[in-house]
Each structure stands twice: as C-alpha cells, then as structure tokens.
Amino acid sequence: MALASSSLPSNILPLLLSQPLQSKTPFPVSASFPSSISPSSNRVPGMRVSLIDEIPPNAARRSSDPQWRGGFSLGVDIGLARTGLALSKGYSVRPLTVLKLRGQKLDLKLIEIAEEHEADEFIIGLPRSLDGRETPQSNKVRAIAGRFAVQAAERGWRVYLQDEHGTSTEAVDRMINLGVRISDQQGSIDAYAAMMILERYYSLSGKEVELVLPKSLELQEKLRRGPPEDIDFI
Numbered sequence: 001m002a003l004a005s006s007s008l009p010s011n012i013l014p015l016l017l018s019q020p021l022q023s024k025t026p027f028p029v030s031a032s033f034p035s036s037i038s039p040s041s042n043r044v045p046g047m048r049v050s051l052i053d054e055i056p057p058n059a060a061r062r063s064s065d066p067q068w069r070g071g072f073s074l075g076v077d078i079g080l081a082r083t084g085l086a087l088s089k090g091y092s093v094r095p096l097t098v099l100k101l102r103g104q105k106l107d108l109k110l111i112e113i114a115e116e117h118e119a120d121e122f123i124i125g126l127p128r129s130l131d132g133r134e135t136p137q138s139n140k141v142r143a144i145a146g147r148f149a150v151q152a153a154e155r156g157w158r159v160y161l162q163d164e165h166g167t168s169t170e171a172v173d174r175m176i177n178l179g180v181r182i183s184d185q186q187g188s189i190d191a192y193a194a195m196m197i198l199e200r201y202y203s204l205s206g207k208e209v210e211l212v213l214p215k216s217l218e219l220q221e222k223l224r225r226g227p228p229e230d231i232d233f234i
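For the sequence shown, the UniProt record's numbering assigns the number 234 to the last residue and increments by one with no breaks.
Hints may contain errors.
[What the hints assert, rightly or not] Within a straight-line C-alpha distance of at most 20 Å, the following computed EDC-like cross-link-like pairs (lysine to aspartate or glutamate) qualify:
1) Lys222 x Asp173
2) Lys140 x Asp107
3) Lys100 x Glu112
4) Lys89 x Asp65
5) Lys215 x Glu112
6) Lys215 x Asp53
7) Lys222 x Asp53
Quick caveat, the hints were computed from the structure, so don't treat them as lab data.
Assemble the whole structure, with the sequences as input and the hints as a guide.
Written out as structure tokens, the structure is:
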C-alpha cells in the first residue's frame with residue numbers, strides 16, 4: 001500500500017527562502033546544560049531520559065563548535081490526524097510536508113524522509129497545557145516517540161522531545177506574516193508548527209530537549225557513538 005503524504009503548496013516555499021531563523025519563544029535560555037533531566041512520571045515503559053551532555057543534540061554541538069559537521073534536524077509535530085514535518089541545519093528552518101499516516105506506516109515514512117534529506121535526529125513536539133503541565137495528548141506523543149526511538153537508534157539517529165506549547169499559534173502568525181493564502185493555511189499549519197518547534201529548539205541551542213532512549217543497551221551504545229559526519233556540510 002502506498003504511503004500517502006501531502007506536500008506544501010508550491011507558492012509557499014519561495015517566501016521562506018529569504019526568511020532568517022527566528023523564534024517567538026517565551027521560555028528563558030538556560031545558562032548551561034543541566035547535568036540530567038528528571039524523567040516524567042507518566043512516561044511509557046521502555047523510555048527513559050539520559051544525560052543530555054552524554055548524547056548532545058545537533059543544536060548543542062553546532063553552538064559549541066561552528067565547524068562541527070553533522071546531519072539535518074527533522075522537526076515533528078504529531079497531531080490527532082496529521083503529522084507536520086520541518087527541516088533545518090540550524091541556519092534557517094523550512095516546512096517540509098504533512099503526513100496523514102499513523103502507527104508503523106508513519107514510522108517507516110519518517111525513516112524514508114530522514115534518509116532522503118540526510119537527517120540524523122528528530123525533534124518531536126511535546127504538548128503541554130497553559131500551566132505547563134502535560135496532557136493526555138502528551139502521553140500519546142511519548143508513546144509514539146518511545147516506539148519510534150527504537151527504529152531510529154538502529155540507524156544511530158536520536159529522538160528528542162521539545163516543549164511545543166504555543167507553537168500552533170506561532171505557526172498561524174508566521175503564515176499570515178508570510179502572506180500564505182487562507183486557502184493554503186489549513187493544509188500547511190502542521191508543517192509550520194513543526195517549523196516553530198525546530199526554531200525554538202535551535203534558539204535554545206537544544207538546552208531544553210529531553211532525550212528518548214530505547215531500553216536496549218546495544219541501541220544506546222549506537223547513539224553514544226554519535227551521528228555520522230556529513231562531508232558535504234558547509
């Protein structure tokens with residue numbers, strides 16, 4: 001069965017090429033990496049959180065060493081019916097596509113897209129309520145992230161969770177500012193929300209992400225070896 005996805009309207013991408021990386025995030029930037037991040041009490045079995053400085057995200061590596069060569073980051077906004085994707089290497093972020101897939105089909109498509117775009121990490125948005133607490137949707141996202149992290153780790157790819165509170169509103173504002181037609185906004189908002197997640201992640205140099213580790217020690221070791229060097233990185 002063919003894997004379905006819906007690409008963004010062609011008239012949107014030219015508007016984005018000249019847009020600098022920016023973020024409206026209201027969250028403070030930490031002065032340094034925390035030595036550890038406490039695991040959530042409602043995480044699903046098989047997931048745990050490790051030291052961020054042990055397996056640092058690309059944003060942190062690039063912030064500390066501008067010459068570091070690594071892959072792209074894939075932003076993922078998981079919704080009830082659709083999943084938005086965005087892509088970045090830290091200098092600019094662009095919405096990529098919207099997938100209408102669930103379960104294993106979604107996992108396989110994410111892997112396919114990561115391979116196509118040379119991404120080696122996934123920044124998945126974690127929903128939170130207005131008061132900063134996790135929601136029932138947060139549990140679902142954690143379950144999806146935990147399942148997918150196993151497949152990603154087989155390839156040495158990392159999965160991180162990033163607080164996505166407010167990114168949907170930011171996505172609408174960004175589309176309006178870019179002049180995206182109202183008729184195109186509904187089909188693109190998930191990808192733009194993923195873009196806002198990535199912008200927040202890079203603006204904070206990856207300092208507020210939560211690393212998702214598979215239970216297998218063998219897979220954890222694959223992650224500790226770090227992402228492969230990208231010889232084409234400039």
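Now the hints, each set against the structure:
no., hint, in the structure
1, Lys222 x Asp173, "40 Å, violated"
2, Lys140 x Asp107, "15 Å, holds"
3, Lys100 x Glu112, "15 Å, holds"
4, Lys89 x Asp65, "14 Å, holds"
5, Lys215 x Glu112, "24 Å, violated"
6, Lys215 x Asp53, "19 Å, holds"
7, Lys222 x Asp53, "16 Å, holds"
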